[in-house]
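Going down the list, the protein sequences come from chains A and B. Mapping of the first sequence onto our numbering: residues 6 to 210, in sequence order. Mapping of the second sequence onto our numbering: residues 370 to 571, in sequence order.
Derived by calculation from the structure, the hints in this document are not laboratory data. Quick reminder that beta carbons are idealized off the backbone N, C-alpha and C, glycines included. It is possible that part of the hints are untrue.
[Stated by the list, open to error] Sample of chain B residues at the chain A side, in silico, Cβ under 8 angstroms: (1) K436; (2) W495; (3) Y508.
[What the hints assert, rightly or not] Okay, derived cross-link-like pairs now, DSS-like style, lysine-lysine, Cα gap no bigger than 27 angstroms in a straight line: (4) B:K565 / B:K435; (5) B:K559 / A:K157; (6) B:K565 / A:K173; (7) A:K157 / B:K487; (8) A:K199 / A:K173; (9) B:K546 / A:K181; (10) A:K129 / B:K515; (11) B:K487 / A:K173; (12) B:K546 / A:K157; (13) A:K181 / B:K565; (14) B:K559 / B:K546; (15) A:K60 / A:K181; (16) A:K173 / B:K559; (17) B:K515 / A:K157; (18) A:K157 / B:K565; (19) A:K173 / B:K435; (20) A:K157 / B:K435; (21) A:K129 / A:K84.
[Stated by the list, open to error] Residues of chain A placed beyond 12 angstroms of chain B at every Cβ, according to the derived structure: (22) G75; (23) K91; (24) Q170; (25) P171.
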Amino acid sequence: MPFIGDRYYMNPLFGAAVERSRVGDDVLPDEDSDSSGLHVELLAAQKQLQQPHSKTPPQTQEHKAEVGYGETSGLVPEKIAGAPAKSSAYDRRMWDENSARHLQEARTHIMDISERNPGVHRAKPDQSTISQAVWSDSMHAAANSIGSLPGKHFFIRQQGVGYQQPPKRLGWGQGKPIRTYGPFRNVGGGDVPKGNHTFIDIYNH
Amino acid sequence: MFPREITLSLTSTITKRTVLHVVLIVLLAPFAVAQGASLNHAGQPTLEREVRQLGLSGNDDFADVKKLARTPVASARLLVSQLHVLEHPERTVVGEGDAQVEHVLWSIMALRYITGGKDFCAPTAWISGSTYEEGIRSYWLHFSSKSCVRFFAVWPSRGRTYIAPEDAQKRIIAKWKRWFATEGTSFHYKPLRNPKPEQWLE
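For reference, chain A alone in the conformation it holds in the complex (with noise of 0.2 angstroms):
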């Protein structure tokens, strides 16, 4: 059931607690103008979100989570064709159901990935609604993140802009990865060029 009053929802719970508390916005607000009503049933949709379908504890799936957002946080899905051009990047109703789901998988991975390579940014979110909903995707992509995808590296780029491999210095990445998720929008920091071809390479080494 992602689709939750005409949005896309990766996580149901969340999606049914951000509709509930919709005030007749198109899209979510700003990250300046939260809502406390809005937090007070996200963090509900959470703590439910760890019960009945995570495949991992809840401090682990937690732990895995803070991996998602650290690394991801910036990353939205493709729009849906016809998308008005002015649209929130925030606006799940205007999210491509398949690059959704991809993202949320290519989290899972790179959680997986994080259990036998530590070298990633973990990050908790903020108050805001936006980062509250991101953490939302990445506690619900825990959820199934068992530690049984492949790979032992990833790298986050732009097509076409700026470096596409990881340097030759850090010794993995030179070759072929064995999967690439993507693309995806990266409206987020400055650590990835912005823009709407951004992917995700899972490399061995």
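Using the hints provided, position chain B relative to the given structure of chain A.
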């Protein structure tokens, strides 16, 4: 032949052979010394060249580091001598850095490799600001320890390298120099075997 004659003849033969050996040694010694000097002369510049080329564009750094591990004491001495403070450490190295930066980073990585993973960190007076980039830099530099920073740190999934503040760089270089001065020649060098990137490259 009487016994006395036999004795004299043997003594004469031994004397002649001894003299011959001495003459040969005297005649050949300069060539041997010259040859030895030539080998030493050729070996040391090769080692120096390999160390100086570390991190330069097009150089096979991984192969050179393995070669350096064969002569660890001489290599460590040269590698420590290459360390110097990198200016403008607040600038993130995206992908490959310039030759000077890459050379110092490779010197540190080579030291880690030939010593079996030895490394130093140091405290810094630097306090990160509130910007995203500074927060990330602090996160990675403190990745191994909250109380001290390593000479450099890498965000693997972004290929971004963060350099320690200058005060920490100075302290870390001093630690390497002190270590070599006190333990460098007696240290039990055991190069890393099939190391993980985080053991020496990150």
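- With chain A as the partner, please determine if B:W495 meets the hint condition of a C-beta pair closer than 8 angstroms. 20 angstroms, violated
- Given hint A:K181 paired with A:K60 - CA-CA distance at most 27 angstroms: Measuring from Cα to Cα gives roughly 31 angstroms; hence the hint is violated.
- Is it correct that the beta-carbon of A:Q170 has no partner in chain B closer than or equal to 12 angstroms? Not fine: 8 angstroms to the nearest Cβ puts A:Q170 too close to chain B.
- Item | Pairwise hint evaluation, B:K565 against A:K181, where the allowed Cα distance is 27 angstroms at most | 19 angstroms, holds
- Message: Does B:K435 sit within 27 angstroms of A:K157, going by the straight-line distance between their CA atoms?
- Response: 23 angstroms, holds
- Was A:G75 rightly flagged as not at the interface, with every chain B Cβ beyond 12 angstroms? It is violated; A:G75 is separated from chain B by about 9 angstroms at its closest Cβ, not greater than 12 angstroms.
- Are A:K129 and A:K84 close enough, with their CA atoms no more than 27 angstroms apart? The given pair, whose Cα atoms are some 26 angstroms apart, holds under the 27 angstroms limit.
- Query: Does the structure keep B:K487 and A:K173 at a Cα separation of 27 angstroms or less?
  - Reply: 22 angstroms, holds
- Message: Run the distance test for B:K565 versus A:K173: straight-line Cα separation, threshold 27 angstroms.
- Response: 15 angstroms, holds
- Holds or violated: A:K173 to B:K559, with C-alpha atoms at most 27 angstroms apart: Judged against 27 angstroms, a Cα distance of about 24 angstroms means the pair holds.
- Query: Within 27 angstroms, alpha carbon to alpha carbon, are A:K129 and B:K515?
  - Reply: Measuring from Cα to Cα gives roughly 18 angstroms; hence the hint holds.
- Message: For a C-alpha distance cap of 27 angstroms, please report whether B:K559 and A:K157 respect it.
- Response: Distance of about 26 angstroms is within 27 angstroms: holds.
Hints 1, 2, 9, 12, 15, 22, 24 and 25, counting from the list given before, are not met by this structure.
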